[in-house]
Amino acid sequence: MPGLVHVQTTINGVQTDFLAEPRQSLLEVLRDVLGKTGTKEGCNDGNCGACTVILDGRIVDSCLVLAVETQGSEVTTIEGLATADGLHPIQQAFLEQAALQCGICTPGFIVASKGLLDQEPDADEARIRHWLAGNLCRCTGYDKIIRAVLEAEKLSK
Amino acid sequence: MPIVFIPTMLLPVSGGVKQVTIDAANMRQVIDGLDLLYPGMKSRLMDEGQIRSNLAVAVDGEVARLGLMEKVGEESEVHFVPAIGGGAAWWVGWRL
Amino acid sequence: MTSNQVLSEVEYRVVGKRPVRPDGVDKVTGRAQYGADVYPAGLLHGKVLRSPHAHAKVVSIDTSQAEAYPGVTAVVTAADFPFASMSREELGGGYQRLKFATDLIMASDKVLFKGHPVAAVAAVNPHVAEEAVRLIRVEYQQLPAVINVQAAMEEKSELIHDDLYTSYLGENSEKPSNVAAHLYFDKGDIEQGFGEADVVVEREFHTEMVHQGYIEPQNSTAFWNTDGHLTIWCSTQGSFMIRNAVADVLQFPISKIKVVPTEIGGGFGGKISTYLEAPAALLSRKCGQPVKMVMTRTEVFEASGPAPGSWMKVKMGAAKDGLITAAHVTLAYEAGAYPGSPVMAGTSCALSCYDLQNGRVEGYDVLVNKPKTSAYRAPGSPQAAFAVESVLDEICEKLALDPLEVRIKNAAKEGTRRVEGPVARKIGLIECLDAAKSHDHLKKPVQGKNRGRGIACGFWMNRGFQSSVTMTVQYDGTISLLMGSVDIGGTRASIAQQTAETLGIAYEDVHPTVVDTDSIGFTFVTGGSRTSFATGLAAIGAAEDVKEQMVKRAAQIWDTPAENVEYADGVIRHRSDPELQMSFQALAKQLGSTGGGITGRNNIDPSGEGNGYAVHIVDVEVDQETGKVDILRYTAVQDAGKAVHPSYVEGQMQGGVVQGIGWALNEEYFFNDQGQMMNSSFLDYRMPTSLDLPMIDTVIVEVANPGHPYGVKGVGEVPIVPPMAAISNAIHQATGLRMASLPMSPGKILEALWENGKS
Ligand code: FES
Ligand code: FES
Numbered sequence: 001m002p003g004l005v006h007v008q009t010t011i012n013g014v015q016t017d018f019l020a021e022p023r024q025s026l027l028e029v030l031r032d033v034l035g036k037t038g039t040k041e042g043c044n045d046g047n048c049g050a051c052t053v054i055l056d057g058r059i060v061d062s063c064l065v066l067a068v069e070t071q072g073s074e075v076t077t078i079e080g081l082a083t084a085d086g087l088h089p090i091q092q093a094f095l096e097q098a099a100l101q102c103g104i105c106t107p108g109f110i111v112a113s114k115g116l117l118d119q120e121p122d123a124d125e126a127r128i129r130h131w132l133a134g135n136l137c138r139c140t141g142y143d144k145i146i147r148a149v150l151e152a153e154k155l156s157k
Numbered sequence: 001m002p003i004v005f006i007p008t009m010l011l012p013v014s015g016g017v018k019q020v021t022i023d024a025a026n027m028r029q030v031i032d033g034l035d036l037l038y039p040g041m042k043s044r045l046m047d048e049g050q051i052r053s054n055l056a057v058a059v060d061g062e063v064a065r066l067g068l069m070e071k072v073g074e075e076s077e078v079h080f081v082p083a084i085g086g087g088a089a090w091w092v093g094w095r096l
Numbered sequence: 001m002t003s004n005q006v007l008s009e010v011e012y013r014v015v016g017k018r019p020v021r022p023d024g025v026d027k028v029t030g031r032a033q034y035g036a037d038v039y040p041a042g043l044l045h046g047k048v049l050r051s052p053h054a055h056a057k058v059v060s061i062d063t064s065q066a067e068a069y070p071g072v073t074a075v076v077t078a079a080d081f082p083f084a085s086m087s088r089e090e091l092g093g094g095y096q097r098l099k100f101a102t103d104l105i106m107a108s109d110k111v112l113f114k115g116h117p118v119a120a121v122a123a124v125n126p127h128v129a130e131e132a133v134r135l136i137r138v139e140y141q142q143l144p145a146v147i148n149v150q151a152a153m154e155e156k157s158e159l160i161h162d163d164l165y166t167s168y169l170g171e172n173s174e175k176p177s178n179v180a181a182h183l184y185f186d187k188g189d190i191e192q193g194f195g196e197a198d199v200v201v202e203r204e205f206h207t208e209m210v211h212q213g214y215i216e217p218q219n220s221t222a223f224w225n226t227d228g229h230l231t232i233w234c235s236t237q238g239s240f241m242i243r244n245a246v247a248d249v250l251q252f253p254i255s256k257i258k259v260v261p262t263e264i265g266g267g268f269g270g271k272i273s274t275y276l277e278a279p280a281a282l283l284s285r286k287c288g289q290p291v292k293m294v295m296t297r298t299e300v301f302e303a304s305g306p307a308p309g310s311w312m313k314v315k316m317g318a319a320k321d322g323l324i325t326a327a328h329v330t331l332a333y334e335a336g337a338y339p340g341s342p343v344m345a346g347t348s349c350a351l352s353c354y355d356l357q358n359g360r361v362e363g364y365d366v367l368v369n370k371p372k373t374s375a376y377r378a379p380g381s382p383q384a385a386f387a388v389e390s391v392l393d394e395i396c397e398k399l400a401l402d403p404l405e406v407r408i409k410n411a412a413k414e415g416t417r418r419v420e421g422p423v424a425r426k427i428g429l430i431e432c433l434d435a436a437k438s439h440d441h442l443k444k445p446v447q448g449k450n451r452g453r454g455i456a457c458g459f460w461m462n463r464g465f466q467s468s469v470t471m472t473v474q475y476d477g478t479i480s481l482l483m484g485s486v487d488i489g490g491t492r493a494s495i496a497q498q499t500a501e502t503l504g505i506a507y508e509d510v511h512p513t514v515v516d517t518d519s520i521g522f523t524f525v526t527g528g529s530r531t532s533f534a535t536g537l538a539a540i541g542a543a544e545d546v547k548e549q550m551v552k553r554a555a556q557i558w559d560t561p562a563e564n565v566e567y568a569d570g571v572i573r574h575r576s577d578p579e580l581q582m583s584f585q586a587l588a589k590q591l592g593s594t595g596g597g598i599t600g601r602n603n604i605d606p607s608g609e610g611n612g613y614a615v616h617i618v619d620v621e622v623d624q625e626t627g628k629v630d631i632l633r634y635t636a637v638q639d640a641g642k643a644v645h646p647s648y649v650e651g652q653m654q655g656g657v658v659q660g661i662g663w664a665l666n667e668e669y670f671f672n673d674q675g676q677m678m679n680s681s682f683l684d685y686r687m688p689t690s691l692d693l694p695m696i697d698t699v700i701v702e703v704a705n706p707g708h709p710y711g712v713k714g715v716g717e718v719p720i721v722p723p724m725a726a727i728s729n730a731i732h733q734a735t736g737l738r739m740a741s742l743p744m745s746p747g748k749i750l751e752a753l754w755e756n757g758k759s
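Chains as they are written, first to last, in my numbering: chain G, 1 to 157; chain Z, 1 to 96; chain F, 1 to 759.
There are no misleading hints in this set.
FRET-style restraints, in silico, Cβ to Cβ:
hint : chain 1 : residue 1 : chain 2 : residue 2 : range
1    : F       : R137      : Z       : S43       : 43 to 49 angstroms
2    : F       : K398      : Z       : I3        : 36 to 42 angstroms
3    : F       : K398      : Z       : G67       : 44 to 50 angstroms
4    : Z       : E62       : G       : A84       : 52 to 58 angstroms
The calculated DMTMM-like cross-link candidates involving lysine to aspartate or glutamate, where the alpha carbons are at most 20 angstroms apart (straight line), are:
hint : chain 1 : residue 1 : chain 2 : residue 2
5    : F       : K258      : F       : D227
6    : F       : K99       : Z       : D47
7    : F       : K426      : Z       : E77
8    : F       : K17       : G       : E96
9    : F       : K409      : F       : D198
Stretches of chain F that chain Z covers, calculated by requiring three or more beta carbons in the stretch to come under 8 angstroms of a beta carbon on chain Z:
hint : stretch
10   : 158-170
11   : 177-187
12   : 340-347
13   : 419-426
For the record, the hints were derived by calculation from the structure and aren't laboratory data.
Ideal Cβ positions, reconstructed from N, Cα and C, are used throughout, including at glycine.
If we strip away everything but chain G, and leave its shape as in the complex, we get (with noise of 0.2 angstroms):
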């Protein structure tokens, strides 16, 4: 079995400490090693967007990156978005306006659009299309979503 590296980061703010095999991903390790399975599996090959994670500032398939890069990064996923006194706004968006149906794409669309608004709390419908469009969803048809977007921005003003 190949050898286990140490590795540090920082995960939803808490200075987190696992070991990982080079060969696992992000994802594996998020969910098989840390228990964080709120990060879902769609594709594993970087085409759904169902495992967005924040890392350093930007959006990223966590299948598609090693756990081993993520040395002295900081990792933000679906866990790290609400606080003891609520939801998210962008959660909160996505419950109200039902922008979801069987949820399981929903963290990484949260997550990513968390991404965006965290840079852009103004984008429009266009702007939020285009940069959603690496997460699949089947369930919805997008519309509730977009409308959950730009829901979300009002809720955080």
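Dock chains Z and F with the ligands against chain G, hints included.
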């Protein structure tokens, strides 16, 4: 007595007769009655003791839920129609 | 201008409102547990070895190296399934059925599609399992692959099963064949009908195999306990279907199998069949630990149950005034490697939008060396609608009649007998056509070069089938509701709403839970547009049971016969003594001291589901340079009965439309001539993204279903039916092209444009 419409595919069995009245109170009696009139009908409509899995029965236009136990009335019209699940059901171990 | 309209006849207190769903917070925070999120203690991971060939004899399998590999705990092949040690005599008439059911899960003598499972391995982690799988040596003897549905039907075709005969309603063909069944149904006399026509159009159509495209891959975790009880956690549309199918292939009593349905990341019909459960169970039995198996996306494409490709022929005749005088529809659908395509449902849907005097629907169930097809949203109907609605559009063109008016003229209505027999109860097609006619979309003409508009109708019969619900009154006046229907798209909400409405209590006071197969009565799949209707009816029945018991309890407390007590709007009253009344909550508090708790229950198998109809309008633009089709505007109109939660009904409509747009324009299984799928990833199997689409406008037309107390009917299937034809008709208006095959991808459109330019 209920009127039974013979599926086109089985007209050779009924000698071309398209509809018959059968003295029956439920589907089991309908099929027994048909078979008495046109021997061989039963084996075409049934399989392993039940209505063939790619067929369903419509009594008075409504797809019947109870198979052979479905009641038919004095004035009822009985049609044999495609089962929604069709052939998908028979080999995965459940019937629609 | 985008909009979502609801045209309501009746308003209720809770039904028809848009509350937040009970499972919502868990799903937006990532806490909801889906199938792959199950991690019991001691978990091992399984992987499957799959056939690289579409058709081959399995000569030998050698698993010794894999078994010896460090970290491997168990290996199974077809030899480990009970079928392998049962004789033909023992199985009698059930021989072929059990062979097919077992072989699909684990191939024995032959592999019949690329991706067909041959062996499975359990190991300490998925990587080791994958490495071990590669150490299994299989010797194949390749056979020619049958990949085209028309070629498969020919007598000289290579046979996929040499002991399969064409069933012609119980009579078998003399020779074995790849056609498993041939059926047809008639109404009136089509020859006479065609004779009366002023115009007759006859066309052939092709469609390719497509996938449901749920984002969550198939997964299953099984634990075969030493006490002989098997527990399976999986994401499925029907836990009872999985239990029964596993019991069948493992020849194991259902009483010893518990299926625990997890949250499910989409299904659309594709998560009804069992694939991984039995191998995971056998691996677990061998090593005594729980085993999880999760498909890769490639495995999902190659080895789950996609929707069939098809060859179809439609002949339709109409009089000058647009009245359809006769129609003959022939459908040949790919079943895949084993019998059972949804072609029969296709025949039931093909002509069901119209009130025809003369019609014939005919279906062929055709085997090919491709994955065994399964249900996909309105199974069988979308292909047929593409063909029928395209031909009807051409008839309208030939007669210079408005396609909407012709549809109104011929529309099915209450009392219409479908070609295959059933009679329509109260249905809303005409109401939908009228709503389309007065919609802003149709009032504004399409403008601009290379642009066009199309409309099409769609039908799905909807379903009832078995559902079970129990509900317990808690002492604080809330309801704990248990159901067997898994929640794919908000049904916890719609069931809780119907319960709250019936009991006259707040929606927030109903707490629904989806439970395992040991905890509730038999419940059929979530699918076929049945859950809000049938499980809703079960919940209403259980709530009525609660009401009856509450009335009896109040009568007992007031020392009066139960006839003197009534229940209305969540209050229990003495009929003649206004002093005596109690709220639901007040009585709930007293249950413990007046004889104990109250649980309502209901198990049903209802009819009266009411057929679903949709009318879609689409505007497209065709790029003459690239052949790309853009959707400019889309409006979906649907008779939804009473929409329990309009947001989720709109969501079903929009989601179905977008799957239809994908089917129309891009999605297809691409096979090489060896029968190997060449595009088994989301990169190459191109599903619509947010960037490809406009907002999808919806109009919910609420024609109350008389088969349900609040007028509810199924809504999920029918929205995928009209898009392909509507888009094809729009492309015709934009370019003059009549597309006869799906998908209408840029390459195909360009080729057709060039052909057109030549002539
Ligand atoms: S799982 Fe990472 S993009 Fe699909
Ligand atoms: S809600 Fe099911 S995939 Fe998006």
